[in-house]
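Chemist: Next come the chains, spelled out residue by residue.
There are 2 protein chains.
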Amino acid sequence: MSPQTITPEKERLVAMLKALSNPIRFQIMEMLAECQTCITNDIVLQTPLAQATISQHLKVLREAGLIQGTTSGPATCYCINDESIHWLKEQIGQWLPDCCHQGKEHQ
Amino acid sequence: MSPQTITPEKERLVAMLKALSNPIRFQIMEMLAECQTCITNDIVLQTPLAQATISQHLKVLREAGLIQGTTSGPATCYCINDESIHWLKEQIGQWLPDCCHQGKEHQ
DNA sequence: CACTTATATCGTATATTTACGATATAAAGA
DNA sequence: TCTTTATATCGTAAATATACGATATAAGTG
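In order, the protein sequences belong to chains A and B. Its first residue numbered 1, the first sequence is counted upward by one per residue in our numbering. Its first residue numbered 1, the second sequence is counted upward by one per residue in our numbering.
Source of the hints: derived by calculation from the structure; they are not laboratory data. The reader is advised that the hints may include incorrect statements.
Chain copies aren't distinguished; within one or between two, either way the pair holds.
[Said to hold, decoys possible] In silico DSS-like links for lysine-lysine, alpha-carbon gap of 25 angstroms or less:
1) K89 x K18
2) K10 x K89
3) K18 x K59
4) K59 x K10
Based on the sequences and whatever the hints tell you, model everything.
Modeler: Right, dumping it as structure tokens:
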């Protein structure tokens, strides 16, 4: 299989990168990493954006598998999907192994 | 400094992720990793897209610092910017250190 | 049962991205 | 110099992404 063949794994990776490539969503991930679990409104209050906008961004992150939401009363508790972050790091770590002398002159 | 503060480093990282979050551009990176150096037309021939479109994608990758282009006669030779890939891997590897038990139960 | 709180979704306006044909530029060969 | 080859850029159309107000839903509270 040619290196540039599109596999479901690569599709998943590109979808994750797309979700993370928006500055607001990237920050939401960092907020969630810091607070462990927080509800939509906690995030809304930490940004200048409208609730509807944040809810939409959370949906994108959820659909990329990067976060999980569980209903708790009227609120939704969001937290990072640790497995997906681990998978992402592994994929990026292994990506383009030939091109950048990894683990040789660096680290 | 709060974890979710936007630093120039984070901006650079998000810009790289954005450039990589397009399937065509992701594939171009893999093509370049395989062939080491190739000209625009080599890439055009490996995709169903028009030359103008590929040239535009190459510009995005170049502006994100992910690839470098050097003029060689009428052609432009592109290659991956190894330093930037190394930096990207390092950043992702260090990202969200608290959230995903990295290096403990896995690897 | 109102009322508050928290959220998701709908409809929509605007901005950005993506793709392409046409065209300009630049180098090399006949 | 004319032609070919390789590329970048311009203008533009179509598709997506982004943001917001309005609204619907759902769970508690008095």
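Chemist: All the hints need checking, so say for each whether the structure fits it.
Modeler: Results of checking the hints against the structure:
Taking the shortest Cα distances, K89 and K18 sit within 25 angstroms of each other both inside one copy (15 angstroms) and across copies (17 angstroms). Taking the shortest Cα distances, K10 and K89 sit within 25 angstroms of each other both inside one copy (13 angstroms) and across copies (16 angstroms). Proximity of K18 and K59 under a CA criterion of 25 angstroms is satisfied in both settings, with 13 angstroms inside one chain copy and 18 angstroms between copies. In this assembly of identical chains, the alpha carbons of K59 and K10 lie at most 25 angstroms apart whether taken from the same copy (21 angstroms) or from different copies (22 angstroms).
This entry satisfies every hint, going by the numbered hints stated previously.
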